[in-house]
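**Q** Chains A and B, in that order, give the protein sequences.
Take 71 as the starting number for the first sequence in our numbering and just add one per residue.
Take 19 as the starting number for the second sequence in our numbering and just add one per residue.
The hints are simulated quantities; they were obtained by calculation from the structure and are not laboratory data.
All of these numbers come straight from a predicted model, not from anything done at the bench.
Treat the hints with caution; some may be incorrect.
[Claimed, not checked] With a Cα cut of at most 16 Å, we get these calculated EDC-like pairs of lysine to aspartate or glutamate:
hint	chain 1	residue 1	chain 2	residue 2
1	B	279	B	117
2	A	120	B	71
3	A	115	B	217
4	B	68	A	118
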Amino acid sequence: MKNLMTIFMAEFKKSHFLYFHTNMIYFSLLVWPIILFFSAYYSFKPFDTKSENVLSEYVSNQEIGSFLLIGYLGYIFYFSLMQSAFQMAPERARGTLELIFLSPVSRLAVIYGRAMANLLEGVWLFFVFTVLGLFFFGDIQPHNWWGIPLSLFLLIISAVVWGGFLNAIFLFSRDAGFFFLIIQEPLLLFSGVRIPIPVLPIWGKFISYLFPLSYVLLIYREIVMRGASLFEVSTMIYSLLVVIIVFILLTSWIIRKAEKNSKINGSMALY
Amino acid sequence: MFLTIQATFRRNYLVMRHSLPYTSIIGSLLSGFYMILFSYLIYKIMFNGKLDDSFIKYTGSSDYITFAVLGSTVYILSISVLLIVSRSLISELRQGTLETIFLSPASRQGYFLGCMLQGLMLVGIEFIGILVMGFFFGLDITNINPISASITLVLIIFSFYSQALVLGAIMVWFRDTYITQNTLITLMGLISGVSFPIEYLPDWLQYLSKIMPLTFGLVAFRETIMLGGELVSSFESISYLIMLTTCYFLIGKYLLIKVEKNILEKITE
């Protein structure tokens with residue numbers, strides 16, 4: 071266990087030194103999400119929000135702002151991990167990845183160390199923005215304060231697992247930009263960031279349950295916006311845990327596959 | 019200049035034929051698809067197809083789907099043209115061929131035009147592809163005024179071209195593509211009226227949107243397609259568009275001379 075922690079912390083530190091030496095990171099993790107959030111917010115403006123609609127069953131029209139803020143907070147956690155996974159490509163080219171895989175370290179610890187570093191250092195600014203925003207929109211009175219750290223904890227855990235999964239995929243392929251398109255955009259569309267999941271058509275719901283973010287956002291909104299009790303969201307928490315375990319198993323399987331693949335085909339730097 | 023256009027076109031065409039950037043084509047088509055799908059879902063399913071009266075007041079039409087599809091299509095077009103032209107220089111820099119180009123007496127504008135015209139071969143496929151997808155979601159172009167629409171489209175492409183000159187100079191100056199291009203692209207998505215009329219934005223953002231050719235391009239393009247307007251009827255936005263194109267072109271040209279000097283000085287040092 072101690073050994074695992076050392077590897078985890080070492081990778082954490084390395085990621086920190088590598089990617090957080092410039093202020094540029096704040097563009098991608100603060101400025102862009104704020105712009106995207108407002109784009110989504112104004113996208114709702116052309117519609118008739120005064121009369122009854124499907125949406126008002128789930129989110130009242132005054133709550134659209136806070137609904138979107140929580141959605142984008144979850145999304146930015148996941149997006150920061152997409153960026154961490156993208157950094158796998160330069161690491162592969164420089165040859166450090168190969169060195170790591172030559173050593174007997176636990177692959178999972180390395181992967182999750184990377185993910186954790188990017189997550190914790192990247193998203194705190196947007197988190198501040200969200201908290202300020204929620205007060206600015208003013209229509210939110212969290213009924214149970216205990217729910218906020220709990221849902222934040224679930225968000226962090228699920229995001230790190232998601233990031234580990236992406237990192238593992240990027241181990242496999244050099245042209246990982248393509249995965250960005252087929253994973254990231256549906257994540258934004260179907261995991262309830264901008265559109266409530268109950269509103270989605272049945273095929274959309276099916277896609278949404280593949281993303282851990284969907285469960286986290288459902289739990290988060292139930293607790294913060296509806297004041298639901300722990301008992302009421304327990305089924306969702308259990309489903310989230312199942313999804314997380316499936317993703318961890320999948321990640322470790324992909325890593326083993328990827329390593330085997332590169333042993334057969336040549337060096338990590340080449341493929 | 020014509021010789022440079024031809025030569026650049028030919029070179030880039032050869033590059034394209036040897037490694038067809040199919041991921042970027044699929045990428046653009048998918049982005050367009052997701053944008054249209056999002057608009058469709060919120061319009062048809064979340065709000066039961068009910069629009070606010072203000073939308074009709076601002077756009078003169080009650081056809082949100084056509085509004086959104088045209089917005090997404092031209093937005094994706096703008097991204098492609100902007101990136102093709104602006105990234106050309108920095109790609110040369112990364113490949114190590116920039117100095118050779120700067121040392122040769124070839125026309126700089128010819129080089130950029132060559133890059134754009136060749137790039138349009140693929141961009142055209144994306145543009146038509148996204149429009150075809152739009153038809154499945156309910157795009158309606160029965161009111162189109164084909165001549166005005168085509169002329170407007172050409173003007174729009176050239177406005178992106180001149181904006182790309184400025185962007186390209188900034189990219190080479192800061193040696194950065196990731197932050198510069200994505201900040202501009204996300205900002206354009208917010209303030210240029212891609213998925214909602216800009217009148218909903220706060221005043222200061224509306225002023226900011228006036229420096230984006232995409233804003234006026236979209237107004238004019240939608241007018242010719244949705245309302246079947248003549249060029250004269252969108253005179254205001256067209257003249258703004260031409261004015262912006264000229265400004266960006268002059269600024270871009272000036273900045274590129276500066277950048278070129280800066281790079282040549284670094285080589286001789």
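**Q** Run every hint past the structure and note whether it holds.
**A** Hint by hint, here is what the structure shows:
1. 279/B <-> 117/B: Judged against 16 Å, a Cα distance of about 11 Å means the pair holds.
2. 120/A <-> 71/B: 11 Å, holds
3. 115/A <-> 217/B: OK: residue 115/A and residue 217/B at ~10 Å, within 16 Å.
4. 68/B <-> 118/A: Holds, at about 6 Å.
Figure legend: structure checked against the earlier numbered hints; every hint is met.
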